[in-house]
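Could you slot chains B, C, D and E onto chain A? The hints should help.
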Amino acid sequence: MEHLTQELQGVPLNHYIWLSAIIFTIGVIGVLTRRNAIVIFMSVELMLNAVNLLLTAFSVHNNDPSGQVFVFFIMALAAAEVAVGLSIIVMVYRNTQSTDINVLNRLKW
Amino acid sequence: MEQLLILLIFLPLAGALVTAFAGKAAKYAALVSAIVSLVLTAVLTCNFIPDASTQFVLNYPWIQDLGINFHAGIDGISLITVLLTNLLIPVIILASYGHDYKRANAFYALILFMQTGLLLVFTALDAFLFYIGWEAALIPVYFICAVWGGKDRIKVNMKFFVYTIAGSLFMLLGIIYLYLQNPLHNFDIQAFYKLNLDAAQQGWIFWSFFIAFAIKMPVFPFHTWQPDTYTEAPATGTMLLAGIMLKMGIYGVIRWLLPIVPHGVQDWGTTAIVLSIIGIVYASLIAFTQKNAKRLVAYSSIAHVGLISAGIFALNTQGMQGAMIQMLSHGINVVGLFFVLDIIFNRMKTNKIADLGGIASVAPQLAITFLIIVFGTVALPGTNGFIGEFLLLIGIYQYNIWAVVIAGLTVIFGAVYMLRMYQGVMLGKTNELTIGFKDIKGSEKLVLYIICALILILGVYPKPVLHLSEAAVQQLIEQVNQKLTSVN
Amino acid sequence: MNIIITIAVTALVVLYAGLFKAKKALLPISLIGLLGSLVFVVSSWNTAQVFYGMMQMDNFALAFSGLTIIGTMLILLLTQNYFAKDSENIAEYLCLILFALCGIVIMVSYKNMSMLFIGLEIMSVSLYILAGIRKNNFASNEASLKYFLMGAFSTGFLLFGITLIYGASGSFDLDAINKYLVGNYTSVSPLFYTGVILMLIGLSFKVGAAPFHFWTPDVYEGSPSLITSFMSTVVKTAGFAAFLRLFADTFAPLHDFWLMPLMVIVFLTLLIGNVTALFQKNFKRMLAYSSISHAGYLLFSLVALTSRSANNVLVYAAAYTFASIIAFAVLILVKQKTGNDNFENFNGLAKRNPFAALVLTIAMLSLAGIPLTAGFIGKYVMFLNVMTEYQVYLVAFAILNALVGFYYYFRVIVAMYFKEGSEIVLETPVQYKVVLLLSVAITLVLGLYPSVILNLI
Amino acid sequence: MIDLVWLVPLIPLLGFIINGLGRNTLSKNLIGFIGSAVIFISFAISVGIFFALGADANKSHEIFLFDWISAGSLHIPLSFLVDPLSSIMLLIITGVGFLIHVYSIGYMHSDEGFGKFFSYLNLFIFFMLLLVLGSNYIVMFIGWEGVGLCSYLLIGFWFTNSSYASAAKKAFVMNRIGDLGFLIAVFLIFTTFGSVEFSKVFPQAAQLMPGHATIILITLCLFIGACGKSAQIPLFTWLPDAMAGPTPVSALIHAATMVTAGIYMIARSSVLFDLAPVIQHLIAIVGLATAVLGALIAITQTDIKKVLAYSTVSQLGYMFLGLGVGAYDGAFFHVITHAFFKALLFLCAGSVIHAMHHEQDMRHMGGLRKKLPITFWTMLIGTIAISGLPPFSGFFSKDEILAHAYESNKIIWAIGVFTAFLTAFYMFRMLYLTFYGKYRGTHHAQEHIHESPASMTIPLIVLAVLSAIGGFIGVPESLGGHHWLSGWLSPVIGHHAEAPDHATEYMLMAISVVGVLISIGFAYVKYNKQNQVPVADEAKRSVLENLSYHKFYIDEIYDAVIRKPLDAFSAFFYKIVDRKIVDGIVNGLGWGTTEASKGLRLLQSGNVGFYIFMMVAGIISLLLYTYLSI
Amino acid sequence: MGTSVFYVVAALSIFFSLMVIFSKNPVHSVLYLIVTFFTFTVHYILLNAQFLAVVNFIVYMGAIMVLFLFVLMLLNLNKDNEPSKSNLIKVVGIIAGCCLVVTLVGSLKATAISNPLILKNPDLGLVKNLGKELFGPFMLPFELSSILLLTAMVGAVLLTKKEKV
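Chains as they are written, first to last, in this note's numbering: chain A, 1 to 109; chain B, 1 to 488; chain C, 1 to 457; chain D, 1 to 630; chain E, 1 to 165.
Isolated chain A (complex conformation) (with noise of 0.2 angstroms):
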């Protein structure tokens, strides 16, 4: 573990920003193109854990361990984000029997 933690030190911080914004925009493009609400919504998490694995880098980077406190509190609005998140999708289903986001606009103009 100390091993290879310490092989690890080469990578430049850029690549991580690299690697977060992929992942989020990957988020983002899976918001933009599906349909269903749950995928959706696993989108948005994908995007909130590139966020994590980015702020875990700065924290590295900076030597500040309040940045890796920061993701637990991102995880743990995760965490309350989909029990509510999953009960309103629930909730839409029993109504529309539907999980699809393009039933959902009678509310427009």
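Simulated from the structure, these hints should not be mistaken for lab results. Be careful, since some hints might not be right.
Stated by the list, open to error - No farther apart than 20 angstroms at their CA atoms in a straight line, the calculated lysine to any residue pairs in the SDA-like style are these:
id, chain 1, residue 1, chain 2, residue 2
1, B, LYS151, C, LYS351
2, B, LYS155, D, GLY584
3, C, LYS281, C, LYS337
4, B, LYS194, B, GLN482
5, C, LYS351, B, ARG103
6, B, LYS159, D, THR594
7, B, LYS24, C, PHE355
8, C, LYS351, B, ASP100
9, B, LYS352, D, PHE64
10, E, LYS132, A, ASN63
11, D, LYS371, D, VAL475
12, D, LYS540, D, TYR558
13, E, LYS109, D, GLY584
14, B, LYS102, C, ARG352
15, B, LYS352, D, THR160
16, B, LYS151, B, LYS349
17, C, LYS85, E, MET73
18, B, LYS463, D, ILE63
19, B, LYS352, B, ASN431
20, B, LYS159, D, LEU602
21, B, LYS159, C, LEU400
22, D, LYS564, D, TYR553
23, B, LYS349, B, GLU432
Frame of chain A; chains B, C, D and E shown alone:
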């Protein structure tokens, strides 16, 4: 003595509250309030020393953080407009007695509320207070016109409201700008007078103010709200609009535009005069063939106001004094005209000239009073209209002779459309409709007699009124000229 | 601190009271709790306490807390009989509102990004739920899901922004960030700029500024009116307080950088909010668009950062809050009688219920920004604020929009006074009367004598 | 006595007020009495003033009443000026006015609006007196417009007839056109001389060089004013229409007094006009043209009042001719004599009309000589007077003008004389058609024809006497007189043209008298001997006759050139410019916003995917900005 | 081998996350997401953020993903019956995504920060260290997140429980 002014300004507000809860007695309560105001104004006028100073000054901090004070006072110019307001409001209230308005308490309360707004406008020495009054006068009249108006009232009044408030918001922009320029960071008019703005600044402040005033007056081409609104509004609303409200614009120009941005006026005054004069001819021409008498009078009002506006921008004592007295005269005359048309409308349910005619044979009293008002409007010597028009024209003449030649067409055109209307409505043979016309009586008679008396008295002996404002007007013009010569 | 504790404890007490079926006691308990917190607000005035370096209860925070608490109280007063007919779980609703209020108090007082995040999320999650509490109502479902999906999405950007700022400055603490900015003014990391922009996006979403406003009309319309009133007043106020704390203080050194995007946002927000509101048939939806436009005006305080910016937001938010509460209160009354939110239902209201009509008129005048109402003072200070930097074109544009605003606000007045409507008599319950009277009194007092609030912060 | 001059206008004003207020309550006799009495009192005072002035060495008295308007440097007092010119005008106005008032008692006796009529007449007298008494242009202007008002009221007296009402309006509007000229002249005077007081303006003006541009402008404007009031080309068409009013009105306002106000004004401002020879020429030409035109039209008219009206136009042209050639006193002389004989003629015509039950068409008259003897004889005197046969009044005044014209320009004189022949012709044509030949009306009407009551005939007789002898106030030196009038007016009208030498004058007189006699003979042959009667309206006429009969189509031309284009402009401005363009822009803004609203709200598609896409687009653009700006 | 582990794992992360959004069956998406999260856990370990790695493993993969799967099964969505959006929208979405990543990275000028990541304090991500931080300066947010969780709890119950009507 300051208490007198406080009382004067807020009495109508108190009256409005009382009236709002007076139920059936609302119209009497309103009249009493208005008459008390009139008496107060008379007392005030008697105590007024006709020099250039501002008297009865009130100055209380109001919104200190923003440099806003309740700063009001009366000088000769204000006094004329205050006089106009408090003179016409009772007349207008009395004139509304022929109608049985629904929710009369609200109706009369709104009138009185508006009176406070108007008085604020006419006495404010703090730009913010002025603006507040400006808007406070607008809201009630909007409701008066929109609730009690004709069938097209909603759309028309919306236009009126949005149009006027558009102007006033740009004025607010100008006021804020002046406030920011003012090192004292307040809205005091004297401080504004002392500002040294460069020509570009003055130019755009001129426009931000002028558009607001031009819409209110209205000056061509900002006038199109006016004929519709006048036509659709209930008679009382029309009288308030044409008789008093319109003077807010004129007063604004005199009090706030000329002394604050003299260079702006110098640069753009010609444009303003040209617009005003175009308005005179244009509106007169349009009035020629109007089929609805109310609309005709509306256009005539544009023409008359154009003359006043041109006279003010001519920037000399005669023009300005003419504007002062013409404000009063126009207020009286136009109220009279609209009242007569209202009497006719009340009875005949129409103001279409073609439907009327021959009323003079069945209602001689009305015919005579109407005639006097018409001739007051066409500025026959011996009536109030003449004094103002004469002074205005002489003022414009000193500005430019060609301006007066064109503006003077109002003398001819006014006679043409007014007499056309008079002939169409009153003369000729009676028709099936007008044969049953009942002559005026009761409150109608009283109102018309008062109006005619005012027309003649002012026409024959205008000196006391002219005297009231003379010193103030002269000081104002000197002030402007000084500013023009001192800088640049 | 004790404000949050009081509110949170109240929420828990309410939750328990709900368990014990003490329905009658719920509202009083909540109100007493809020009153208690209000007392704390007043008592800690001018103390500027800092808690754990995380929360700063300065006058800014206290003033906004006070405003949001009062707003919440008024809205809670409207809950009488509101939920009862379609749910048993009133305690939970109240509890959620109070939790959201907790989040709001955090949002207005945070001194650390983590607090902002937590506060924002407490509030948002509560609102996701509250928007959907009409479980069988399709609109409510839709509102809830839309709000949730888009909210979660925008949170991602907000977090990314926080991350980048953290990456650049090495801290979540606002003071430290500000110190970093001031210290490295010439060499601020590019990460930071992007972070600022992303945070701008995230917060714009929360306050419903264009082009991140799309959730607003749908969610406002679909949510139960009471919740909408909460969202559009208290929540919006909180959003702006959060916005202000971050941008007006911490990011102030970068003002030149984020001014441009902000201006674009302001222009778009004003335009879309006002112009779209014009053609609405549904009163609630119109209010939603109007709230977007008000967001535009509120952002004026950020266009020109002056010592008064914060207070201006407070004034504007107060004016907007009370006027909106009136509007929603009357809307709820009308809707309970007629079943939908369309303008036609307001036809002839002046006859059916003159009091409500008058009060709503004043509210509309205030929203439109007519003098002698609080709304005018709000707009005025905003205009004044940006005029100090001579943003003449912005103000001119705002004026044009305000004109459009007059048009749609007056539509309500027109409907109430000038149109003939059904003869259904509309009664005003006592609590509604209290709310309406209080709000209208505040609206007028602020309009006539705004000094009471002008120098609060 | 002179200090009491304010009573002169005030008393008629009182009469107006009493009659006006009591028009429905007082009896007709009382109204008639009051109405006439007040004028008589004024007349009496005027006579007193006249003699007092005659006895006074100082020929000019200003009586200050009160300050009327003052604004800045402009001070306009209400003050009166009593001098030879105004004192003589007072006499004419109150004297002739009184007679016409008396006449009206009889003439209007059966009219419903008797009280109203008298109050209007009194008001007219008041304004007319104000006009002549004013010591400055503004007071004059008050009277000037005031008489216009009364003219409007009295022409439209029978307003139920809408063409009468239109005639009234036309009169007022045309007067107003002139008034604008007057007003501008006043402005010019004020700015040039710093005052509008006669006593300050004229001495200053006398210092100026002749032909000074401002003076020319002032006099031109004044002349435009005079044209309106005194019915000169191009503003004369209102006067014939003004015959719509009751006949005493035509006599008083549209013959004797008001229409001569223009001459009075120019005579009053003679100092100014002397400095503007160009304008004087213009006046002469316009006057002459008007005289000819009026006479030409009068030849073929069939309405007895129209003949007199065009004759008035023509005579007014004469007066202007006189003014134009510098014979101010001659013109003024003609004003006086014209007041006598034209008032007489109108009143006679009124008497005829009264007798014929408001029949005015001469084609339905004839042979009235026996039934209306007094009317006939008085009218005969009037006709001779206007034709200019010595020693009747018209001869002297007309001759004086012609003599000066001859001095000024021979062609002008020739045309003037020709016009005089025409005058004699159409006047005698009228006389013959009315009083000679056979009665051509209905039998029913014939039975009711009777001489008018005494209240009408006495004024006729008085006026006939005046017409006959009135000329003796201005007998020229060539005929052994010493032209009292000229001497009397000399303090006011300082400069006046030299009369031609006696021999020339005799020759001129001879030519005109002979010519007139021939014309009369011509008329006699045609209308008495041959009993020719003008053909019916629709009958065919020769081209010239047609032109004359249709008044040279001037009304129609005005209608086509001025009124119709103006109305078309009005409609255009209203319907196109105002509604479509100016209002269209305003409404278009509103419409555009609404359309924008319709469009923009489609953005809110309800589709979450779309919303998010838009958000992403926004985010991308903001990030792009960031990329570009750092 | 050095840093290549990171790149391999990173590639895997990207690959699986792409699979998440492109697999038609939601259940497959969830499973790919779990795998993606696992790669994240590896990243955390590589960054020596052991506590986070554990939490990520437990919370995300253990709790959250199971919840997702549970809901999917509950709602019977384990078929790829999602009506897919039109290709146009997909293409547009992808293009938008690409633009986003380009602008995002571009605006970061990330290439400028090429200094390698150095773990200055190996204990940074250890529980002890984080605990101190969490119960020290971050005490308040930590406590307050309880409200968040409570809210979520109440909300979840509220929304999914059947009303007695």
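Against the structure, the hints come out as follows:
| no. | hint | verdict |
| --- | --- | --- |
| 1 | B:LYS151 x C:LYS351 | holds (19 angstroms) |
| 2 | B:LYS155 x D:GLY584 | holds (15 angstroms) |
| 3 | C:LYS281 x C:LYS337 | holds (18 angstroms) |
| 4 | B:LYS194 x B:GLN482 | holds (11 angstroms) |
| 5 | C:LYS351 x B:ARG103 | holds (10 angstroms) |
| 6 | B:LYS159 x D:THR594 | holds (13 angstroms) |
| 7 | B:LYS24 x C:PHE355 | holds (19 angstroms) |
| 8 | C:LYS351 x B:ASP100 | holds (18 angstroms) |
| 9 | B:LYS352 x D:PHE64 | violated (48 angstroms) |
| 10 | E:LYS132 x A:ASN63 | holds (15 angstroms) |
| 11 | D:LYS371 x D:VAL475 | violated (36 angstroms) |
| 12 | D:LYS540 x D:TYR558 | violated (24 angstroms) |
| 13 | E:LYS109 x D:GLY584 | violated (53 angstroms) |
| 14 | B:LYS102 x C:ARG352 | holds (15 angstroms) |
| 15 | B:LYS352 x D:THR160 | holds (19 angstroms) |
| 16 | B:LYS151 x B:LYS349 | holds (13 angstroms) |
| 17 | C:LYS85 x E:MET73 | violated (34 angstroms) |
| 18 | B:LYS463 x D:ILE63 | holds (19 angstroms) |
| 19 | B:LYS352 x B:ASN431 | holds (13 angstroms) |
| 20 | B:LYS159 x D:LEU602 | violated (26 angstroms) |
| 21 | B:LYS159 x C:LEU400 | holds (14 angstroms) |
| 22 | D:LYS564 x D:TYR553 | holds (15 angstroms) |
| 23 | B:LYS349 x B:GLU432 | holds (14 angstroms) |
Hint compliance for this structure: hints 9, 11, 12, 13, 17, 20 are not met, and every other hint is.
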